[in-house]
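Enquirer: Heads up: the sequence lines are chains G and C, in that order.
Residues 0 to 140, numbered by numbering that gives the first Met the number 0, are exactly what the first sequence covers, in order.
Residues 0 to 390, numbered by numbering that gives the first Met the number 0, are exactly what the second sequence covers, in order.
Careful, some of the hints might be misleading.
Unchecked claim - Between beta-carbon pairs, the in silico distance windows are:
1. G:R57 / C:G25: 19 to 29 angstroms
2. C:D52 / G:A139: 53 to 63 angstroms
3. G:C39 / C:G354: 36 to 46 angstroms
4. G:R30 / C:A218: 30 to 40 angstroms
5. G:E59 / C:D28: 11 to 21 angstroms
6. C:D52 / G:P5: 45 to 55 angstroms
Stated by the list, open to error - Some residues of chain C that are not near chain G, with every Cβ distance over 12 angstroms (derived):
7. Q41
8. S85
9. I193
10. A322
Claimed, not checked - Which bits of chain C does chain G cover? Going by a derived footprint, with three or more residues having C-beta under 8 angstroms, they are:
11. 26-34
12. 134-143
13. 330-337
No lab work stands behind these hints: they were computed from the structure.
On a predicted model such as this, the values are computed, not experimentally measured, just so you know.
Glycine included, C-beta positions come from ideal geometry on N, C-alpha and C.
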Amino acid sequence: MSDPTPDPSPRIQPPVTEGAEGFWEATRARRYVLQWCLDCEAPVSYPRVVCPGCLGARLEYRPASGRGTVYAVTVEHRPQNPAMRSLAPYAVALVDLEEGVRVLSNVVDCAPDDVTVGLAVAVTWEPLDDGRNLPLFRPAP
Amino acid sequence: MSGQGDRSLRGAAAIVGVADAASPTGVLDLWGRALEAEMVRQALDDAGLTLADVDGVCHTTSSMAFAEYLGIHPSYTDSTMTGGSSFEVHAEHAAAAIAAGLCEVVVCVYAATPRGDRNRPTAANFRGGAGADQMMAWEAPYGMRMPMGPYALAASRHMATYGTTSEQLAQIAVSTRQWAAMNPSARYRDPLTIDDVLASPLETSPLHKLDCCLVTDGAGAFVMTSADRARDLAQPPVYLLGASTCHDHLMISQMPDLTVTPGARSGPAAFRMAGVKPDDVDVLEAYDSFTITALLHLEDLGFCEKGEGGPFVMDGKLGPGGALPTNTNGGGLSYTHPGMYGMFLIVEAVRQLRGTCGERQVPGAEVAVAHGSGMVLSCMATLVLGTEATR
Ligand SMILES: [Zn+2]
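Using the sequences and the hints, build the whole thing.
Expert: Here is the structure:
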């Protein structure tokens with residue numbers, strides 16, 4: 000018996016931008032990593048080929064907690080991407096990670112209207128079409 | 000009289016650092032942003048300056064994407080693209096900007112690697128250029144509606160931080176509609192109530208449909224000349240008294256504080272140049288892509304304290320007869336919004352200062368502000384305009 004073919008992701012599939020290869024590779028194992036500048040000892044997000052603090056290129060990926068708090072949130076009722084309309088309404092949030100950087104994502108596994116500013120969240124994963132996984136967040140256990 | 004001679008830039012600015020890179024093989028190891036960063040670093044080292052000193056950027060593809068990538072929050076920006084002469088044009092503009100006090104340290108950079116790119120399949124990513132690729136990677140997968148999603152996030156944060164309410168945002172749409180009623184060209188002229196706004200569909204919470212600007216056709220133009228020539232022409236001159244442009248980010252996830260736009264820098268700088276205070280402004284034309292956009296402008300330009308925008312608008316002071324006539328043509332919310340509304344801010348400000356706005360004319364208008372907002376609260380440009388009396 001063969002594995003059922005998974006449904007294709009309804010999402011825009013993120014391109015692997017320059018410098019972000021390590022981020023996406025880690026998602027294949029559902030590991031959440033952040034890029035750090037070795038000279039500034041500071042996280043760099045989004046991932047880059049140079050540090051925006053010092054212009055240096057001594058960057059490395061380190062495991063991240065995948066935990067944070069909701070900084071701002073909007074609930075989408077009518078997505079532009081027609082393929083995502085079956086998911087609506089859903090919450091789009093800016094999440095402040097414990098490491099001190101902010102990322103955009105969705106907060107799932109709860110009613111979208113229950114996602115409020117200050118909510119503690121933790122990373123969860125959704126498959127992309129090429130074996131990578133997209134980091135999402137859900138209310139922290 | 001032309002601008003030459005009496006407005007010479009001679010001695011006003013100097014090039015203090017340089018760098019270049021080339022190889023006998025015709026191929027460089029670095030490319031793209033890494034190569035740009037290396038050139039910037041070397042030129043700054045050459046000058047004895049650091050990235051933190053830079054407050055002006057020039058880039059032929061996108062000065063905004065370039066600045067965001069290197070974490071620069073400039074108060075001078077130039078994406079002029081004239082082909083091979085672009086950098087001479089950048090230098091000319093930068094000298095004028097420095098002479099005018101818009102900024103102090105401008106960096107201009109260029110990198111292209113057509114030979115190396117032949118063996119570099121991802122090179123197209125970089126040439127994609129204007130930040131679109133980063134947005135596709137880090138924001139687009141999450142299904143945020145554009146452009147309203149980022150503004151909804153800003154409204155969410157403002158509400159959570161300052162207790163701003165949907166009723167207060169709605170009041171901005173209501174006051175703006177009162178102006179539109181006096182503009183025969185406005186898309187919507189019927190009276191609007193706070194309840195009407197709150198009853199309109201909540202498509203991208205916390206913003207309702209009537210918190211959002213229109214989608215209409217529209218067009219405009221303006222002509223500038225020297226003050227000397229202006230006096231001999233057909234219309235009373237409207238003088239540029241102050242100007243400033245600042246940006247912090249291109250994507251909303253890179254905006255440092257969603258309740259404070261770069262207008263908090265461009266506004267005070269433009270007022271300083273003009274020698275006027277917010278209290279001196281007779282008419283405010285402030286880009287109202289969404290009600291929250293207008294509210295943030297009121298705070299950042301200094302018409303009220305940060306966080307006070309909600310209570311500030313509730314007495315209807317933005318509307319006809321109010322203390323701060325704002326978006327007197329009916330704005331992007333009720334007059335027109337073809338996509339890039341900034342042109343209409345200037346046209347309406349000029350007409351108000353000429354005194355030709357008919358029923359909606361603000362009596363005795365001598366100082367007007369046209370405050371433009373680009374992308375997602377990303378790039379703010381403030382113009383202070385005045386009449387002969389306030390020049
Ligand atoms: Zn660094």
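Enquirer: All hints, please: hold or fail.
Expert: A quick look at each hint next to the structure:
1. Range check, R57 of chain G to G25 of chain C: Cβ separation about 28 angstroms, and the 19 to 29 angstroms hint holds.
2. For D52 of chain C paired with A139 of chain G, a C-beta distance near 41 angstroms fails the hint of 53 to 63 angstroms.
3. Take C39 of chain G and G354 of chain C: their Cβ atoms lie about 55 angstroms apart, and the range 36 to 46 angstroms is violated.
4. Against the hinted window of 30 to 40 angstroms, the Cβ-Cβ separation of R30 of chain G and A218 of chain C comes to about 52 angstroms, which falls outside the hint.
5. A hinted range of 11 to 21 angstroms for the beta carbons of E59 of chain G and D28 of chain C is consistent with their spacing of about 20 angstroms.
6. For D52 of chain C and P5 of chain G, the Cβ-Cβ distance of about 51 angstroms falls inside the hinted range of 45 to 55 angstroms, so the restraint holds.
7. Q41 of chain C, annotated as away from the interface, has a beta carbon of chain G within 12 angstroms; the closest lies near 10 angstroms.
8. Every beta carbon of chain G lies more than 12 angstroms from that of S85 of chain C, the smallest distance being close to 22 angstroms; the non-interface claim holds.
9. Even its closest Cβ contact with chain G, about 21 angstroms, leaves I193 of chain C beyond 12 angstroms, as expected for a residue assigned away from the interface.
10. Residue-level check passed: A322 of chain C sits 31 angstroms from the nearest beta carbon of chain G, beyond 12 angstroms.
11. Check on the stretch 26-34 of chain C: 3 of its residues sit with their Cβ under 8 angstroms from a Cβ of chain G, so the three-residue criterion for coverage holds.
12. As drawn, the stretch 134-143 of chain C meets chain G at 9 residues by the rule of a beta-carbon pair under 8 angstroms; at three or more, the given contact holds.
13. Coverage of the stretch 330-337 of chain C by chain G is violated. Counting CB-CB distances below 8 angstroms, 0 residues qualify, and the rule asks for three or more.
Of the numbered hints stated above, those contradicted by the structure are hints 2, 3, 4, 7, 13, listed in ascending order.
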